[in-house]
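Asks: Spelled out from the first residue to the last, the chains are:
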Amino acid sequence: MNKKDLVIIGGGSAGLASAISAYDEGVKDILLIERNAELGGILNQCIHPGFGLHHFNEELTGPEYAHRYIEELKRRNIEYLLNTQVTSISKDKIVTFMNENGIQKLECKAIIFATGCNERTRGQILTPGYRPKGIYTAGLAQKYMNIDGRLVGKNIYILGSGDIGLIMARRMTLEGAKVIGVSEIMPYSNGLKRNIAQCLDDFNIPLRLSNTVTKIFGKDKLEAIELSDVDKNLKPIPGSEKIVKCDTLLLSVGLYPFNAMLKNAGCKVNLETKGSLVDQNLETTIEGIFSTGNVLHVHDLVDFVSEESERAGKNAARYILNKRGKSLNTLNVKHSENVSYVLPTIIKVYENNEPIIFSFRVKKPIKKTTICIKNSAKILLNMKKMNLLPAEMIKITAKDLDLKNSDDLVLEVKEDE
Amino acid sequence: MNQNKIYDVIIIGGGVIGTAIARYLMRFDVKVLLLERHNDVGEEASGANSGIVHSGYDPKPGTKKAKFNVLGNKMMPEVAKELDLNFKQIGSLTLSFSEEDDKTLLDLKKRAEENGVDVKLLSKGEVFKIEPNLSKEIHGALLAPSAGIVSPFGLTVNLMENAMDNGAELLLNHEVIEIEKISEFCRVFCGNGAFFDAKTVVDAAGALADKVQEMIEKPSFSITPRKGEYFVLDHFNNDFIKHTIFMCPTKVGKGVLISQTTSGNYLVGPSNDSCDVDDVSTDALTLEDIKKTALKICPNLPFNETIREFSGVRPNSNVDDFVIEESKNFNGLFIVGGISSPGLASAIAIGDYVSKLIRDKLSLKDNLNYNPNIRKHISLSKIGKEKYNELIKKNPSYGKLICRCEKVSEGEIVDSIHRNCGAHTIKGVKKRIRPGFGKCQGTFCEAEVLKILARELKLPLEEICYSELGTNILLKAQKGAENE
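Chains as they are written, first to last, in the numbering used here: chain A, 2 to 418; chain B, 12 to 495.
Worth flagging that the hints you see were computed from the coordinates, not collected in a lab. Using N, Cα and C, we set each Cβ at its ideal position, and we do this for glycine too. Take the hints with a grain of salt, since some may be wrong.
[What the hints assert, rightly or not] A few chain B residues facing chain A, derived, Cβ under 8 Å:
1) Val288
2) Ser292
3) Thr317
4) Lys404
5) Lys411
6) Thr454
7) Glu457
From just these sequences and the hints, can you work out the full model?
Replies: This is the structure:
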């Protein structure tokens, strides 16, 4: 069987960044596998600006952002395969993949899994009614628009205020379609603040909060939808129904990690993120298999995907090169009730610990908070933060945590008056 | 359109019954035309049901339902081989939850014996040994080992493909609106202006079978459509429930079932409510009820694995049995209607039987060139890695995976387009070989499938439809994008 030191699965933002950083850390025998005909992943269809503000300090489009990484990858002569689908990985780190040259297996020292996420579909949110043509996830409509140059309809309604939906509201308006409105079942938006302003407000597209689609009309082709307001428990309020005629319904109702292959390999799943359980090295519960980017947990900004993936690449390289010390202890990380998830959930304690980056989201908007990380004995870190939103992932870097004799950690978000 | 040609048989309706009759007719030297009002075969009840090949323990002994169900089940292993279908005889368990149910199971066992179906009563302990995830509340179950599952679209499509391989003709988008007797022939008029002559006509119009009969004579039955709604769960675990699980049947039907499909998904449903003939909408409260019932049967059924909901319309009738008869008033008209459950299980036996009625009527000779086998479908899971690698060498498109959820290659998609009764819509490809049926529901592969369809059918992208005519997915190119 052919061998490789490191195989990276997925050639989008996560895979590219981890390949480059693993190379720079000293691992040269790398293969990056991409299923599409081009590197760059979903960035290729995100032709709007807004990428790179954190990472490059300038505003780039998706393809521009990807291009910078692709150039770096090529400059290092890192090997990659296009049009190649990984069909399985095993717990002993054998990667099986298929392309037009056949099915092959590779034995590797480490794997970085960076396959991104899926959009939630109509079936998952249980929208009743008929099942006509004309209902698409926002990302599929975006692919048709930006890759194939085609609109999928002219009178558009959007369910969900996720960022892709907001971006598509603007994009389809600019292409001559009428975007009638956006409904969001939660009492607050699920997109970035800047996208609400730039994609809806600037085009006078109404956003209905606490409102959802409760019926689909049209047997073969979408003809209309029924909107209803929802109560505190997100149940439709009878009597609030409103019929809106449209030929297209875009769904922007959330993303989830496309993690099935890691689950099948035996990596334990984080039930809150639907990605894998990882420690601060981004290593899953199988030694040498790492997970990063949107397949680990869904990010809002590609800049954060790149940052995380650089860590994954570096840590995978250190693992391969035996540069990692033996861990002295393993801790679990838990969180308070108002937090929807925190990463990492496992911390390996070493003789010399690098700073640990915690990522988390809150369940509902909170104006003023104190965030602390503590164990049963004491508070290890304490910081104030304003305006936490579920739509915005929060990252905190914890330096010099004294973990040698620590028990499990809790991340607590306290609501301040 | 050959207006001068006189067909021996025109079949109205391309559901599993119409296509089965077409397939079995081709054993004889016969000219057959099948008229279907939709843009594909299997678009109504045949494409939206539980996919169960019932064992036949349940229908009242002596009825057509009992006869054709038991026969259809016995024929299925052989037919599945001929039609290259995955028929899995996983067996069914009918559960008892009360003393009353216990009595019902005893009655069903007696029925099964009268119908000639092997069954076995299992104690609670025996049931848990084979299905540990069922509710602890159950008393016991009736096991019917011969029950199985098959893809209902696969069966319908492959029956038609085989019929066409042997010379049958299929016209889609031809809705019959009128039938007239012209001397010794029947003239069948379609909504698009076309008409066709035949010596015999088979009414296999499903939920509209009574309406078709009414074009000629007073219908001998009336359809009382009943809707069944379902959940589809992802293939999360092949061992979670291994048998088809039924509740004790009542007067209105078989109740909610839980069953794997041949692709390892789980189906949960159906409901059973009266509806309009073409009402395939789903309803939030109905789905909620199904969920509640299913959780009583199987408390840990993971509804968070739901990927889709759908509904289908049962062509129930006011006759408590299938209607399979030659019209007494109108020479050459055969009525095959009211084929509700166990219709899928009975379809091939009905096809066999009706084709013989027509053979006798028209004194048809045997077709010496009849080939019961369709060309085999190729997939990695069927032929294994080594053979598949050889195939990729010959045809690299088999190495290009288009659907990553269901692992379908470009080569398989192209093949599904170029067969007889081939796919020409997004839904058609999905029904035949599954891209779009997986967890992502086509989010990733639909755009690729659309391009393959356009390329293979030599059509512009905007002419590719989702399902029916007029369901084009893309608008014409914007200015500046014409020369892609």
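Asks: It remains to establish, for every hint, whether it holds in the given structure.
Replies: Hints and how they fare:
1. Val288: Hint violated; Val288 of chain B Cβ to chain A Cβ min 11 Å, cut 8 Å.
2. Ser292: holds (5 Å)
3. Thr317: holds (6 Å)
4. Lys404: holds (7 Å)
5. Lys411: holds (6 Å)
6. Thr454: holds (5 Å)
7. Glu457: With Cβ-Cβ at 6 Å, under 8 Å, it holds.
Checked against the numbered hints given earlier, the structure breaks only hint 1 and satisfies all the rest.
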